[in-house]
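As a plain string of letters, each chain reads:
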Amino acid sequence: MSDNTGILKRFLKKVFLIDLIQGLTITFPYTFSKTITLRYPDEEKWIPYQRFRGLHTLNKNKEGKELCVGCELCQKACPTQCITVIPGEDKTGKGISDRIGYRWEINLLRCMYCGLCEDACPTEALKLGREYELASYSMLRQIRTKEELLNPQPIPVEIEGGVIVKARLEADDKGIKVVPDLSTQKRWW
Amino acid sequence: MLEVLIIIIKVVVITLVVFTLPLPLTYMERKVAGHIQVRLGPMRVGPHGLLQPFADMVKLFFKEDVVPAKADVWLFKIAPVVGMIPVFAVFATVPFGDKFTIPFINKEITMYIADMNVGILYVLAIAGLSVYGIILGGWASNSKYAMLGGLRSSAQMISYELALSFSCIGVVMVVNSLSLVDIVKSQAGWHWNVFYQPLGFIIFFIGGLAEINRIPFDLPEDEGTLGAGYHAEYSSMRFAFFMLTEYVAMVSMSVLMVVLYFGGWDGPSFIPIPGIIWFVLKVLFLIYVFMWTRFTYPRYRYDQLMNIGWKILLPLSLVNILITGLAVVKW
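Top to bottom, those sequences are chains B and P.
Oh and the first sequence: position 116 is 1001 in the numbering used here, straight run, nothing missing.
Oh and the second sequence: position 249 is 1267 in the numbering used here, straight run, nothing missing.
These aren't lab readings, by the way, just hints derived from the structure by calculation.
A virtual CB, placed ideally from N, CA and C, is assigned to each residue, including glycine.
Mixed in with the good hints, there may be bad ones.
Said to hold, decoys possible - Restraint ranges, calculated between C-beta atoms of paired labels, are given here:
1) B:904 with P:1038: 35 to 43 Å
2) P:1346 with B:893: 30 to 38 Å
3) P:1173 with B:927: 46 to 54 Å
4) P:1173 with B:908: 47 to 55 Å
What the hints assert, rightly or not - Each computed SDA-like pair below joins lysine to any residue, with the alpha-carbon atoms no more than 25 Å apart:
5) B:1051 with P:1066
6) P:1095 with P:1066
7) P:1329 with B:892
8) B:899 with P:1213
9) P:1329 with B:905
10) B:894 with P:1326
11) B:899 with P:1076
Kindly produce the complete structure, drawing on both the sequences and the hints.
Here's what the structure looks like:
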């Protein structure tokens, strides 16, 4: 008997096009729902979380001394061998000890952002930052040296991340860059 | 002399309007698609992507016009035009609104080119011809996908045109006239045929979807199995003509639905808006429904399509005629 009512129900469902109408009522609200598209370079930008592994930074301590002691552990830990460290002696007090990284270079073309160098670092000098717009016109630009990586990254470390901020695209003859406006933060979900 | 001039002006105006309609419609389609899929749709060209259709048009103008090496060149070149003419010709009998008088010269002008006493027959016959463009295009391309698209189109046309025409007969029986103008006039004051002919309207809607090759019945250009179907080998402006045909066919089908079932220019009388605006609003709503269904349903399989056409819609339309006949005799 229950089978018969099932047949009848299915028949009526077919006759009154119930399934099709149900489908339409599902898609209609989506027309007015909030979009998940990120208008990335022009208007919005994604600020990653602090744990994001982007471009490397070399940190300084509170007194402004370089934390890198040129121990070469990051170079040894690197699976793709993209880090070159040449340690050197320095008595001018730039670093925290008398041994600093005389040269510290990374080839971003080979780097796979695994973060093993960060783990290997004994002084917490090396950290993978949140900079991810790394495209360039020249291959040489992809070899970043210590001097550049010592500068703080545009997004401050204190900001928690995982948010969308307003941004605008700035293009001049040097290249293009996306300038974020960190004052308005929103989560997209 | 003035009469002839007025008719020429009307023809030119309607042709120009219909020719430019695909531009806003492609924009609308992409926006509807975007928002249903929780995207934004075109946003980059102009404010909110408003200039996107013009950019596409310019791109299509400047693309290379490729003719396949083994194609039947003459047929290949003429097919888009063959498909395009009938969909434009449909608009000759469509009443867009009531009469209005031009000030100063006190001349009454009707908002249609011709009031034929066989309006519905003309429209159905002419609209059916546009499938020749698809068949010729598919045949002349000398490509298996295009060929299959053309074949499917012709088979689909035969199985759906019947039900479509039969569902119109219900309207004709209620109104007692074949003229589209009379049909609209008889529906004045909320006596819309869709309330008296709900079954007929559903059959007409489904048949119309199949006739203009929209999802869920767009088998002639089924991307999943046929590449792009009948226009797989077309590029540049010839492809644009096929696209234009598709959109104008969509407009003509929703215009027909409005005329036959939704009372044409008839609207609530307490809102002082000219009838033509009501007409356009209704047409826009139906076009939106077409797009809405397109991005909701998957495509029917080919045998399912045939089953629906022959085993369900055709008998149902006959039943509709029977019921309408009994009702007309009773009252």
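**Item:** Numbers of unmet hints, in rising order
**Value:** 4, 6, 11
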